[in-house]
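A.B. asks: Take a look at the letters that make up each chain.
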Amino acid sequence: MPTSEDYKGQVPAWCPGCGNFQILSAVKQALVELGIEPWEVLAVSGIGQSGKLPHYMKCHTFNGLHGRTLPVATAAKLANHSLHVIAVAGDGDCYGEGGNHFLHAIRRNPNITLIVHDNQIYGLTKGQASPTTAKGTRTKVQPSGVPAEPMNPLALAISQDCSFVARGFAGDPEYLKELMKAAITHKGFSLLDILQPCVTFNKVNTFKWYRERVYKLEAEYDPYDRMKAFERVLEWGEKIPNGIFYKKDKDTLEEMFPTIREEPLVRQKFSIEDVKSEIEKFY
Amino acid sequence: MTGTLKHKGSLEVKFLDYTLRIGGEAGQGLQTIGGALAKIFSRKGYYVFTHQDYMSRVRGGHNFYQIRFSDRKVSASRDMVDILLALDLNTIEIHKESVRNDGFILYDSETIKKKFERPEFIDVPFKKIALDVGKSSIMANTVATGAVLGLLDLGLENLNEILKSTFKKKGEEVIGKNLACAEAGYNYSLSNCPRCEGVEIMEPEEKKLMLIDGVQAIGLGALMSGCKFYSAYPMTPSTGILNYLASKAEEHGLVVEQAEDEISAVNMAIGASFTGVRAMTGSSGGGFALMVEGLSLAGMTETPLVIAEIQRPGPATGLPTRTEQADLLFILYAGHGEFPKVIFEPGTPKQAFYLTNRAFELAEKYQIPVFIQSDQYLGDSEWTFENFDFEHLIYNDYRLRKKDLEGVEEYKRYKYSDTGISLLAVPGEAGKHLVVADSDEHDEEGHIIEDDETRIKMVRKRLLKKLPLIKKEIEAPLLYGDPSPEIVLVGHGSTYGVIKEVVDILSRDRKIAMMHFSQVYPLPERDRSDYIELLEKAKLTISIENNATGQFSKLVRAETGFDFTHQILKYDGRPFSIENLKEEVDAYL
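Those protein sequences? They're chains A and B, same order as listed. Using our numbering, you'd call the opening residue of the first sequence number 1 and step up by one each time. Using our numbering, you'd call the opening residue of the second sequence number 284 and step up by one each time.
None of these hints come from the bench; they were simulated from the model. Everything numeric in this text was worked out from a predicted model, so none of it was measured. Wrong hints could be hidden among the right ones.
Beyond 10 angstroms from chain B on every Cβ pair, some chain A residues (computed) [said to hold, decoys possible]:
hint, residue
1, TRP14
2, HIS104
3, GLU178
4, LEU217
5, TYR224
6, LYS276
Okay, derived cross-link-like pairs now, DSS-like style, lysine-lysine, Cα gap no bigger than 27 angstroms in a straight line [to be verified]:
hint, chain 1, residue 1, chain 2, residue 2
7, B, LYS685, B, LYS755
8, A, LYS269, B, LYS695
9, B, LYS490, A, LYS276
10, B, LYS356, A, LYS276
11, A, LYS8, B, LYS715
12, B, LYS397, B, LYS410
13, A, LYS269, B, LYS685
14, A, LYS276, B, LYS754
15, B, LYS740, B, LYS754
16, B, LYS531, A, LYS276
Cβ atoms here follow ideal geometry from the backbone N, Cα and C, with glycine treated the same way.
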């Protein structure tokens, strides 16, 4: 069985007090508790502070481009569906630059877990608005306030019938870890949006601000009720619910490709002999 | 022209060289008729060259499909036509001047509501025969196909075979009606062609020929190189590769995914390749423009990647269904930062097949992106070949799995080496070894760094150490014609066929040769074959390109310092024909 030590990676270069630390420890702890070994995990990330997370744990890693996490992760899963593929992204990364890929990953439903570090701000480029920043928020780039409505990624995901839609809070790492385990073990595309206070640039959505508002969905809540899920996911303000809002059981992308039902693509042998007959079709 | 239709009693003709042009609106079935006829000629043992000219629309407009067939190898199109099959009036208006004096125009006066009395016109009631014989006007194209064969008196055997397999799923009744329509069309033109008495088509020697176009050859090359993953966004004229590989996916264990955009397509191919399977993506200029960011990602992460870029004229949407060689410098300079890449530009479908195979070999051996660059002209052109020789195919699996890594204490994805090449392990299949790739500058293990010393070492590893080794893999350009030529026609990519034919014509009384580059970047070294010296010795060196600025000439000048004496540039969105290239070359002789 793996231990937390097996997942220990490089020393993180995040700001002291950053919400990312709790996310990192929740991912590692979830994997350890699920008994998944580091060499069975592929973490794919983009650019931003979230993108560095895979370097701070130990597993296979592809740290690619800003916004492009999901196409890489999806294809990696198609190439070898025996790997646990975890896509790690930020809010700007996933909902801004990668918005199109987000929509289409939901449609495809690969059996991967998407963890979004949602701090409602761009950290690495120093404080610009992100797609989830509240309307009216003043930044250096939006001095008269953000002119656009914030995106509700969870409502969007539910509207697209995403297979698993959940929200966690970096300030509650124990519950976050449980959500993480549920997301990783869920069959299909699982979205876990994590409220992650940016201690440097986001002066509004702080740990304190969240602690006053965040609560867990009640035990009897039925995540298979889509209309209820919409209702609850639109709650934002004085009260902010956390938990698994929506679940839908459906075929995964990998199951839709007949060629990889028996064996992962990467293990299938190739021989020119097997395809030689194709040339006959041109006569 | 060197060949012509044989007429009884006329001058002896050396060999047969016949051109058939089928014109009509999009949606009238030109491809079906043309495709069937090309296959029939090829099965009869004729060498075939086809090319397509079509508009960017689903219905209407004016399109044509041209087939040249001969008992000698043919590799380009002629302007002059022996048979024009006109499915609409527009085709007659546009193309009648291209029909040779002893040629024919097949048409249906009832459908196009106009009657022509000149002797070359043969009025075949395609629609009426279809209604009488097949009880449906839908079979008019079968009648027309039969009529072309009747005019040439080539027999119906091959057409019948094709009709049977085409309509296999529709049942015996539909097959029977089509066979009857084909025969009726055949007999009609055979017996209603007053000028046909003297016509005799020489039967070619019996031989087995394959018929394949450029994009199919790239697809087949990928399939036979062990490509297991193809992701693309549909874009003319590259879509043929996506169609071909998708049609083979289930039988041969490929995963083919239609991406939401080209950005996703290239990142998917990189993701699949990183995870251990041979992967490829493809697009045309505008789509490739979106892939450029991903190209650099492949460069930085040293992920093997094959990219097919099938050009059409730009900028922007340009002429979506036409041809041009105007993306060479774009591909050459594509990607931010400095990293090695290879660009192949096949001149024939056969070269496309082998170069695609080579692309997979080099991409994986050096862990770099390799391009197969072509264009609409070659992509859509069908050629006949005696065979593709499998013995020349290369398949080396450079990826390491558990047993390959036994004895490796600590695996590092980017470990420094004399060649710059590090071991390429397959994540999850390499035992407990972990594979870490990063788009940031990284250390040997794959983790982010920012220090100057590692940066220098990584640039040396990734770029400077690999480059000279890659350059040694590039083959010399092909020299065709006189071995010590006074005139050299230089081309790259799809102009191969037309330049070759022009050299054939001009070589009767001149010391002339073609120098053709299909491996354009890096340019071959000069030690094995000093092609620059050969050019320097020639009196006249003409670079022939399907673009407005002479992009290949620029590349040659930048890399070797050599300047061609002349350039022939064509940028109307159409390929060179034998006649127009010869005329252009003649102007310099």
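A.B. asks: Hint by hint, note whether the structure agrees.
C.D. replies: Hint check:
The Cβ of A/TRP14 sits about 13 angstroms from the closest Cβ of chain B, beyond the 10 angstroms cut-off, so the non-interface label holds. Listed as outside the interface, A/HIS104 is inconsistent with that label: its C-beta sits roughly 4 angstroms from the nearest C-beta of chain B, within the 10 angstroms cut-off. Separation of A/GLU178 from chain B is adequate, the least Cβ-Cβ distance of about 26 angstroms exceeding the 10 angstroms criterion. For A/LEU217, the shortest C-beta to C-beta distance to chain B comes to about 32 angstroms, beyond the 10 angstroms cut-off, and the non-interface label holds.
With a cut of 10 angstroms on Cβ distances, A/TYR224 stays outside the contact zone with chain B, its closest approach being about 28 angstroms. For A/LYS276, the condition that its CB be more than 10 angstroms from all CB atoms of chain B is violated, with the nearest at approximately 6 angstroms. Restraint check: the Cα-Cα separation between B/LYS685 and B/LYS755 comes to about 31 angstroms, which exceeds 27 angstroms; the hinted pair is violated. The straight-line distance between the Cα atoms of A/LYS269 and B/LYS695 is roughly 25 angstroms, inside the 27 angstroms bound, and the hint therefore holds.
For the proposed pair B/LYS490 and A/LYS276, the alpha carbon gap of about 20 angstroms is at most 27 angstroms, so the pair holds. At most 27 angstroms may separate the alpha-carbon atoms for a hinted pair to count; B/LYS356 and A/LYS276 meet this at roughly 25 angstroms. For the hint linking A/LYS8 to B/LYS715, the alpha-carbon distance of about 15 angstroms falls within 27 angstroms, and the restraint holds. The suggested pairing of B/LYS397 with B/LYS410 holds, with an alpha-carbon distance near 14 angstroms, which does not exceed 27 angstroms.
Between A/LYS269 and B/LYS685 the CA atoms are separated by roughly 15 angstroms; this keeps the pair inside 27 angstroms, and the hint holds. With a CA separation close to 31 angstroms, the supplied pair A/LYS276 and B/LYS754 exceeds the 27 angstroms bound. Using a Cα cut-off of 27 angstroms, the hinted pair B/LYS740 and B/LYS754 holds, with the two alpha carbons roughly 21 angstroms apart. Restraint check for B/LYS531 and A/LYS276: the C-alpha separation of about 12 angstroms stays at or below 27 angstroms, so the hint holds.
In this structure, the hints that do not hold are numbers 2, 6, 7, 14, in rising order.
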